[in-house]
Structure formats: C-alpha cells, structure tokens
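Residue strings, one per chain:
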Amino acid sequence: MSTLATLPQFPWLSLLVLLPLAGALLCLLHSGRPAECRALALATSLAVFGVALYLFIYHGQGDGRWLLYEDSAWISRYGIRYVLAMDGIALLMVLLTAFMQLAAILLAWRVERQVAGFFALLLLLEAGLMGIFLAYDLVFFYLFWEVALIPMFFLISVWGGANRRRAALKFFLYTLVGSFCMLVAMIALYQIHGAQTGVYTFVIGELLHTQLTAAQEGWLFAGFLAAFIVKSPLVPFHTWLTDALTEAPAAGSLDLTGLLLKTGIYGLIRLAFPLFPNATAHFLPILGVLALVGLFHAAWSAYHQDDIKRLLAYSSISHLGLVVLGLAAWQLTAWEGSLLLMVTHGITTGALFILVALIRERTATRSMQELGGLWGQVPCLAFFFLFFSLASLGLPGLANFAGEILVLLGTFRAHPVWAVAALLGVVFAAAYMLRLVQGVIWGPARSERTLPDLTLREWLMLLPMALLVVWLGLYPAPFLAPLHGTVAVLLAGGLP
Amino acid sequence: MSLIDLLALLPVLILAFGGTAILMVGAWYREPRPLLAGGIATALIGAVAAGMVPPPSLEIAGLFSAGGYARFFTILWALLAAAGLMVATRYIMEKRLGAGEYVSLVLYAAAGMALLSSATHLLGLFLALETFTLAFYILIASNRRCEMAAEAGLKYLLMGAVATGFMAFGIALIYASSGTLALPDAALRMTAAAGGLQPWGLLGWGLVLIAVGFKISLAPFHLWTPDVYQGAPAPVGGLLATGSKGAVVAALVGMLSLAGPVWHDLVDLLWLLAAVTMLAGALGALGQKNLKRLLAYSSVTHMGTLLVGLLCQNTEGLAATTFYVVVYAITSLGAFAVIASLADQRGEPMAFDEWRGLGYRHPVRSAVLVLILLSLAGLPGTAGFMAKFAVFQAALQSGYLGLVLIGVFASVVSFAFYLRVAMLLFQPEAPAVQRHAGTAPEHAVVAVCTAAVLVFGLFPGILFDLIGRLLP
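These protein sequence lines are chains X and P, in that order. Anchor point for the first sequence: position 95 equals 95 in the numbering used here, and the numbering is continuous, going up by one each time. Converting from the second sequence to the numbering used here requires adding 496 to each position, the first position being numbered 1.
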C-alpha cells in the first residue's frame, strides 16, 4: 500500500496532449488508405474523449485547487519547465475540446481529398488546443498557442473555399502579430522577475508575485492583451474571423468557432488577469465597453448577411462579446455564466455550423436568397436547425439561456447599465436568428429536387449535441460544480 | 612553425592535404564516385580529428586558436562540407564536372572556414577569409555551360574584391593606430591613449566592418546576395548560405567579445546596421517569386538578427549568437538540400510556378521543406524559434527593446512570405510535374537536418550546454 502511494501519479494530462499527436502521426503513416485514416482518427478522438470523461468524473471535484498537476524540467537554461496543470476551468475546456473534436471528425468523414492530411491536421489541432488549455509555463503555453495555428492555416488554405488563401494568411498574420506582442511581454516579465528574485523562471505560478511599477504592468498587460483580444476576437480586430470562418472547410469552422476562439478568452482568464491584477482593474471598464460594442456591432452585421455561414460567424462574435462582458463585470455569478456560455456557445454554434455544412452538401448553396422550405423537404434536418437556432438565441430551457441569464444577473449586480444594454443585444440575437430560421427552413421550397434527410452518421453527430443542449439548459449544475472554487480564487486575485 | 603548432592545426591540415591529394588523384582518375567518397571521408576524418585529438597548445603561431570554440566550429564546417559533397554528388555526375576539382575546392573552403572561425589575429582572419572566398568564386561558376552560374560567380568575385580592398585597408589603418594585429590587443589599444591616431584606428574598424558586411550580406551591402544564390547551384548555395556566413559571424563573435573600447564607438553603427538589415531582408523577400532568391533575402534578415545577438556584448548574447549560427546553418542547409534533391534534367525547381502543387507529388520532402521554412520563420517547437528566443531574450536583457520590436516585425513579415511558399506547395488545383526522386545521400542530409531542427527545437539544452562550455 505504501509503495502504491509513493508511485508517481499517472500522467493523464500528458496523455491528453500526446494521444492526438500520436494519432496524427499514425494517420500520416497510413496516407493513401482513407478508410483506415478515418477509423484511426475516430478511435483517437474517442480515446481522448474517454480520458477527458474519466478526468471529469474521477478528478473533477476540488475546492479551487489544481485537480491535476504535472511538472518536470525542460529547458533549464531559461527556467522553462514542462508544466501541465488542470483546474475546474481547464477541465471544462478539455471536455469541450474532446467532445467537439468527435463531432469534427464525424463531420470530416466525407472529405475526399487528401484524407490522411486532413485528419492528421485535425488531430494536431486537438493536441495544440489541449496544450493551450493545460500548459502552465509561459513558453510552453506559447508553443501550443502558435502550433495550433499551423493546422488551422493548412485546413483553410488547402481545403477551404474560393478565397481560402487570402483568408488563411489573414487569419495567421492577425493572430501572429498579437502572439509576438505577447512573446516580448513574456520575456520582459521573465527578466523583471528574475532581476527581483534571482529566480529566472517562466512558470506562471511563480511569476504571479512579481513587483511591477504601474507603467511596466500596463505595457506587459497590453502585450498579453494584444494576443488574446485578437484571438477572442473583440470588435476592432475581428475581421480575420469572418473571412476564416466563411472560407474554412466545415470541420475547420467547427473547431475554429467552437474551440480556437475560446483560447483567447481562456488566455485572459488564465494569464492576463492573474499576472497583472492592477492593470486589469484599470482596464475592466474599457473591456466592458469593447465587449458591448462588439455585441451590438456583430449582431447588427449578422442581421444583414445573406451567406448563412457568415451570419453565424457574426453571431459567434456577438456571443463572445457577451462572454467578455461577463468577465469584465468581475463578479462570481457573471464569471460562471461566462464560462458556461463559452461551453454552450461552442456546442450550439458548432451544431449550427455542422447543419450549414449539411445543407450546403445537399443544396450546394449557403445563400439565404436561394434557400428556404427545408422543413418540407428534410424535416429532421430542419428540426435540428430550428432547435439549435432557438438554443443559440437563448430560449429558456436550452443551453445558452443558462449562461446568458447568469451573465446578465451577475453583470446587473456590478454594472446595471451594462446589463440593460446587453439585454437589448440579446434581443437583437433573437432578431437575426429568427431571420435565419425564416430564410432557411420556412417559406416556399426553392428547388423541386427531393433532398436526402439525415443519415446515421449525421444523427450521431447531432443527437448527442442536442441532448447536451437540453441537459445544460435544464440542469447545468454538474458542469458548474468544478468551476465554483476556481472562479472564487481567480476573482480574489490569485491562482490555485 | 613547430611540431606542436602543426599538431594543433591537424584537423585543418587533414582537410587541406586531403583536398590536395584528391585533386591530384582526380587529374588522372576521373571516376566521380570514389573521389566524392574520398572527399566525404576526408571531411569526416577532419571532424573526428577536431573532436577527438586534443590540441597540444591552445594557440597556433599567434594567428589561430585551437581552443574549444575554434574546434567546435571546425567540426561544424567539416561536417557541413561532408553534407555539401553528399548533396552535390548527382549534380557533379549529371553536369560532368571534374569531381577532383570540386571535392578539393569544397575541402579547401571548409579548411578556410575552420581557420576563420579560429582566427585570433587580423592577418589570420584575412588569410582565412580569402582562402575560402577564392574557393567559392570557382565553385559558384563550376558549371561553365550555365550562364546564370557564370554571372553569379562574376558578381561574387567583384563584390569579394571590393570587400577584400576594404578589409586590407582597414587592417592597415588598425595597425597604424594600434601597432599590432593580434586580437584582442588591436582592439584594446584603441583607447584615448592611442592619441591622435585613434580616429584612424576607428575608421579601420569601420572598414573591416564594411568588408564583413559584404561577406555576410548586411544591408546596404546585401544586393549581390539574391543574384548569387539564384545563379549558384543548390549544393554550392547551401555551403555559401551557411558556412561562408557562419564562419564570418563566428569570427566576429571572437572579435567583438574582446573589443572593449572600440565597442562603445561602434555600437550605434551596429545598431543601425542590424535594424536596416532585418528590415531590408524581410521587405525585400516579400515580392520574390523564386525560392532561392527568397532564401537569399531571408538570410539577410537572419544576419541582421544575428547582429542583434552580437550587440548584446555579454555571454548571454554570445551564446545566443552561436546557437543561432549553428541552427541557421543546419536549417539553411536543409532547405538547399531539398532543392538539390528535387533537381532533374530541367534544372532545380526555383520559380514559384515550379513549386506549385509539388506537395502532392513529393509529400515527404515538401512537408520537410515547410517545416524548415517555418523554422527559419521561428515557429515554436523548431530550432529556429529557440534561436530567435535566445537572441531576443539577450537583447531585452541588454536593453535593446527597439531592435527586438524591429526583429519581431521582421519575423511577422517573414512568416508571411514563408507561408506563401507553404501554401504554394500544397495548392490543390495545380498538380506539379514529377521531379527527381532524390538519392540516398541527399535523403540522408535532409533527414539529419530535419531531425536536428526538431531536436534542437524541443531540447535546445543539449546545444546550449555545449556552447556554454566552449565560449571564449
């Protein structure tokens, strides 16, 4: 018994990162045999999902401390360590990633061209995302932060739509500029901390207590913010997203909106806020206003789109504005709502992107002008479309509602004016979502052709998502439970 | 020269005499394969000798050092020569060049680069520099039937001659003001005590710097680079881009790490050179439509970044610069090796149109090329990132925030043009024609470079520890 207790803990977190990486390599080795690649990718992502679920069930409870922590030396010259750490928020993001990735793999099933490459990139992206959510050393985090860009870049530039190359470059360079600002700020923080304490390290936990002057803190915070705001994206920096989402292949859009965008907000929570508490306090009002502007601007833009994929892209930006607003309110309920909304938005909008892809496969168009009347032609598909649209606009009882109401309640307590404004924004969401539903599934059918309804594979994608949406809407407590402690600690200005 | 000196010089002697022997044999026996094998073996023996035979003294005739740092670069350049010959095999056989001449020239160049990296005396520096430059004049134009190569050779010759002039005049001025050519004395005596001659000495150092600028293509002396890279065959280009520049930078590390008083007078000039070079390289590369020209401009940017490391003037900066040189040499060689391995009777793929869709014909080498280009750009996880990280880290520590920001801007621009190539390679609608499948030695060089890019990217500690122990 005593020997068992001293055994090192099984490296579950490394497994989460390494499994998809191994799967990607295996896929590349089986290039030329598409069927095997599909099976491999599915098996890998099922395994990752299994691990994530196991962690959720058996390691999901904690009082705001790290649930799991792995630490070993890496590049000792610069005090860079291999640290993976999981708290309640990371756990939720890991779970979301593993779940969405399953859907992405199923959605990519029909890809015909360069199958091995496509699945390998999807899995590589998953590894990068897991790393972003788990890494707890600045350089280690930066490694994943950048590495996750590469697969998305190729997914867009090789398998994307007509303007794919421009969109891919724009996506990469926009985010890159932000990342480089963050890199410089990281090194500067490292040196300031090293000069003060004599300990040169990039481990986030140790950098927390660096004494910074107001000017230093402001600049460093700005460096980090540049990376995360572009990625989130807040409104003046959002133009890359609509292009990238519109041009990306279906599975790519799913991962981009469901997961990659969340890394920006996650970075704010995990790095920017705790490292620079004073600068954060000064910046929160600006962040709140930016979020509100984004919420309205994106909703307004969404209302005027004809391309349904573009409409959903703007709706994503609008929702993320609400998430950021909740964070800016700096209040327990609002934060929990924001985090929940991050997850539910991933699922509902992800499902809508899947449905857009399915509609596109059947009708060869994404223009609202040319769509309509799908209710009569493909009732099951149209039902799911209606269901997820209603979930997305925040119908009570479905997933987004729980998150939105928590955000609004929390924000109201801290900043009543913001909450009232945000409420109007939510009404806007109803407007463009209903317009979407009206344009796509109601009205007269635009073609006489009979369209095939959902296949078994498509049911397998959509049904679990739908059930989850109902569950999250009616009883989100199990998903909020791991958050309580962590959020309380974060709001108090610390980390676990 | 005593026996002890000769023994300390052993690795270079092996390269030089081995080269001469192969040249002689090649005059009668014209079968290329054994000659090339002999050349590769000589280079490897030279590397082993540099690594395994401890030098009896640490300095050679007051001209060169035989310390760990010098030996490290001797090994590196000898291995580079071996790799360069492996990549050149098919080129020599297809173009029916004299294998003996080619092999001996590469070995001479390696010997010259090894000497340059170990120079501790301005005269030794000058001699070594001329030795390998002379070899390169011939190597670049070795294929007489190719007009581009002849043009490139001539350009390199003219620029080299100008640089030699600057160098010789600069050295003369330094001697006039300091009374010595030995390093570091030539620099240390440049204090105010040197009296009225001090400005001439400084001018001398400035002229030497210009000559160096020509050799490693710092802006505004970089304009020859794209033309020469484009004209030179890839196996030679690989050596030119890596060894010839790396050896000069290695010598510079030795020179500047010692040059106390001169330093303060030159620091502003170096700052400006670094900034202009990084920007000129990055912006120049943007409009290119030819991979070799792109690599040329990219090398300009890299040299600017290296200069930032040199500017830091502390062990941090020197370690970072040395790391950068090694990584840049390996990565660049990999890029040229991929180009050489794809060459066939149509020549080497150069123009972007020839690369379009090549990823579907030659997936492995295309993927490797993408990895190498991303390493040149500085993607985390590759050696190129650690190199840039180390340099920026050292520069921030020394307070060069402005240079770091310029370097960051140049990196963003670099990503843009490297990614364009990556996109071209995997452009789906334009399947390229089949190119050469490559030979085993070519694949070996590419594989070793790729492995090094990943290993030094993920575990840079190995190389940093080594460098830390060797720095002068």
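Please note that a few of the clues may not be correct.
Unchecked claim - Computed beta-carbon distance windows for the label pairs:
| # | chain 1 | residue 1 | chain 2 | residue 2 | range |
| --- | --- | --- | --- | --- | --- |
| 1 | X | A43 | P | G843 | 39 to 49 Å |
| 2 | X | G218 | P | W767 | 19 to 29 Å |
| 3 | P | D961 | X | A195 | 19 to 29 Å |
| 4 | X | T455 | P | M589 | 54 to 64 Å |
Claimed, not checked - Listed next, the stretches of chain P that the computed footprint assigns to chain X, with coverage defined by at least 3 CB atoms under 8 Å from CB atoms of chain X:
| # | region |
| --- | --- |
| 5 | 900–909 |
| 6 | 932–945 |
| 7 | 951–961 |
As the list claims (entries may be wrong) - Looking from chain P toward chain X, a few residues come up when the C-beta cut is under 8 Å (computed):
| # | residue |
| --- | --- |
| 8 | W759 |
| 9 | T811 |
| 10 | S894 |
Just so you know, these hints were derived from the structure itself, not from any lab. Glycine residues also receive a C-beta, built at the ideal position from the N, C-alpha and C atoms.
Checklist entry - Cβ-Cβ distance between X/T455 and P/M589: within 54 to 64 Å? => result holds, 57 Å
Item to check | Per-stretch coverage check for the region 900–909 of chain P, three Cβ contacts closer than 8 Å to chain X | outcome: holds (count 5)
Checklist entry - Under the criterion of a CB-CB separation shorter than 8 Å, is P/T811 in contact with chain X as hinted? => result violated, 12 Å
Checklist entry - Is 19 to 29 Å a correct range for the gap between the Cβ atoms of X/G218 and P/W767? => result Check passed, 26 Å falls within 19 to 29 Å.
Item to check | Agreement of hint P/W759 with chain X interface, Cβ distance less than 8 Å | outcome: At about 22 Å, which exceeds the 8 Å cut-off, the nearest Cβ of chain X leaves the hint on P/W759 violated.
Next on the checklist: 39 to 49 Å was suggested as the range; check whether the CB atoms of X/A43 and P/G843 agree with it.
Outcome noted: holds, 45 Å
Item to check | Closest C-beta approach of P/S894 to chain X relative to 8 Å, hint status | outcome: violated, 10 Å
Checklist entry - Are three or more residues of the region 932–945 of chain P within 8 Å, CB to CB, of chain X? => result violated (count 0)
Checklist entry - Taking 19 to 29 Å as the hint, is the beta-carbon distance of P/D961 and X/A195 inside that range? => result Holds: the Cβ-Cβ distance is about 24 Å, inside 19 to 29 Å.
Next on the checklist: So is the region 951–961 of chain P in contact with chain X by the C-beta rule, three or more residues under 8 Å, or is the coverage claim wrong?
Outcome noted: holds (count 5)
Comparing the model with each numbered hint stated earlier shows that hints 6, 8, 9, 10 do not hold.
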